[in-house]
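Chains A and B supply the protein sequences, listed in that same order.
Heads up: the first sequence begins at 5 in our numbering, then just goes up one per residue.
Heads up: the second sequence begins at 20 in our numbering, then just goes up one per residue.
Treat the hints as calculated values from the structure; they're not laboratory data.
Accuracy of the hints is not assured; some may be wrong.
[As the list claims (entries may be wrong)] With a Cα cut of at most 25 Å, we get these calculated DMTMM-like pairs of lysine to aspartate or glutamate: (1) A/Lys362 with B/Glu59; (2) B/Lys116 with A/Glu15; (3) B/Lys157 with A/Glu476; (4) B/Lys180 with B/Glu105; (5) A/Lys37 with B/Glu59; (6) B/Lys119 with A/Glu9; (7) A/Lys11 with B/Glu147.
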Amino acid sequence: MRGDENKIFDEFLRSSLANYQVPPSPGLWSALKFKLFSRSLLNTPFFNGSAGLIGSISTAILVTGLTSWYMVGKVDNRIAARDTATHKQISVVQADTFQTNSAIKEGIEIASTLKTDEIKTNSNKSTIELRSSKAPGIKHNAADNLNNTPTSAIASSTQTKNHKKETVARELVKNDPKPTKNQLVISSKEKRTGSSLTQPLINKQNLEPLMSMSGRSYPIFLASANDQMIAVNPFGWNSLSSDEILDILKKDLRSHYDYARSPKLEWSAGIAASPEWLLTNSGNDFGKKNMLTSVFVRAKRQHFFLETGISVYTEKTSNTQNVNYLPLLGSYQNLDSVTFVYDPQGGPQPTYYYHEIKIYDSIIHMAEVSQNASCTFAGIPVLVGYSYDFGRHGFTFKTGPVFSYMISKNLPSPEFSLLNEDKIITSVNTSNVRNKMNLQWKFEMNYQYALSSRVTLLFGPYYTATISQPYERKKLNSGLPAYFGTKAGLMWNF
Amino acid sequence: MFGVCLRYAATKVEAEDLLQEGFLKVFTHIKSYRGQGSFEGWMRRIFANTAINHFHSTSKHQIISVENIETYAGDIEEEPADWLHEGPDNIPVTPDKVMKLIQVLPEGYRMVLNLYVFEGCTHREIGEMLQISENTSKSQLSKARRYLKNQISNIVENELKLVEHHER
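Chain A with its partners taken away, still in its complex shape:
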């Protein structure tokens, strides 16, 4: 009997819901479309199955290899280009093949354009340093040098005014033993005229190797001709052959370039702001926009750098509650008792006592209520990167983990628009609830523009993927959150 009743009841349930139809939310189909599209991309034969594994690895190796080859090729070319450019700019030739006397004369004229005051200053900042041939490398004041010729003179680019110091030239010429064999001529293919000769050619960068030579044991006199710059050893003509000087010069040039190319640690720090969009492919959080502000510090050696700092961002989220409640169906007055008061004239007068009976629906109804909420996170990135600069412009690529920690959350209880007399049975949060900590991985590209030698403007896109489960409780179809952002910031170089 009981079994029959169960069968009837089961049949009642089946028949009740046989044609039950409720349309799902419209957004569901677009979310499904997005998921199917992204899954179809990954399910192509190339990326699927065991062949897909080989395909994926091959692709990764190919992309990495090509990128490395491109980058390394660029770096080598750049270094080679710099070396070539420098060597082309200043080539060392033997004096025998040049009209050295006239070159020296003209060079001395250039040297004589230097300011008298600057010659007398004789400080590290002075633009002309006269060194005693008898004690090379030891600085003397200008007057001493003039009196203790022969000397070497080193000129820098900033002094090209027409304050001729004839004395310098005369002294140099007087003491110049007309070098012919032991003189080097450094020529340039660039055309220069007049006093501007010294500007592009005898600049600090080009002069450094020569200065370092003169600071050692072999002072070199540097001067320029129309399209030539000459370096002579005015006091050691008889002791050094041009080949020896050539070797020394080459060696010092090499050491100069080695120094320039040796890795040096450079520090910089900056601030940045970045709006970012949550790319979670389903759920209520899709498309939410966060604002992220960050400070960072960067240690750079050659092209590679390590960057860390702290960023703070507030992530908007939904606070969806599933409310189970009993709606009030209606009420009626239930007669409890009747009392009678005897009226001498009218007889017994009844008094009715009622109380209200409320009838609630036996079914617990459900309501989905949602309210905006937010969580604030602090992120600590540890990024490694590659930087490629050309002039004022530059590009950086950086990647690495970001440790994200929730520092505060604002999850207000949603307000339920139920009738006052409805009974709320339970209220359960059904939205994603974030964990305190999670781990992310960031990929970022920046375009950099040097506003000055100290300040650099940077901006560019980044993508952050969450790699640890960020949710304490997660909705079924909500994936790991990922973010796309655009960063803009300023960086100071120390």
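Based on the hints, put chain B in the right spot on chain A.
Showing chain B alone in chain A's frame:
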């Protein structure tokens, strides 16, 4: 299929999750359907399996705890369900209300009820699928039925009270 998902889910949001997950499986495994049996039946099995997987992954998070349902079904005597014999058309309970009653069942009860009543599985099959014993399956089905019957009885009773009141 959304109706099927609603039966297995506690909320509409959860049902939509199941629907989405189920459709993804249907589309990605469409090649495995070889035309044997009805396509609808094949799809229903996929959605049921999706719900079972979901049950295994989230069985720790029940909307209403087992303790709560005991107060509804465990300790309450089963009321006589005379209304059952009046025929489905005469029972003043809408499909929407039946669905809501099923949805508020604890997840385990709801799963057993769905698999037994709507999918036609035996208790042994249900036990294997949900990793519970056959007796647990029978017990949960019994409690689910008792709860549903009592709730429907209350609805019928309340409806009658209100009708009587209005007639007065």
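Structure-based check of all given hints:
For the proposed pair A/Lys362 and B/Glu59, the alpha carbon gap of about 45 Å is over 25 Å, so the pair is violated. Between B/Lys116 and A/Glu15 the alpha-carbon distance is near 16 Å, which keeps this suggested pair within the 25 Å criterion. The hinted pair formed by B/Lys157 and A/Glu476 fails the criterion: a straight-line CA distance of about 33 Å is larger than 25 Å. Straight-line distance between C-alpha atoms of B/Lys180 and B/Glu105 comes to about 18 Å, which keeps the hinted pair within the 25 Å bound.
Restraint check for A/Lys37 and B/Glu59: the C-alpha separation of about 21 Å stays at or below 25 Å, so the hint holds. Annotation: proposed proximity of B/Lys119 to A/Glu9 holds, straight-line Cα distance about 22 Å (limit 25 Å). Between A/Lys11 and B/Glu147, the direct Cα distance comes to roughly 23 Å. Compliance with the 25 Å bound is thereby established for this hinted pair.
Checked against the numbered hints listed earlier, the structure breaks hints 1, 3; every other hint is satisfied.
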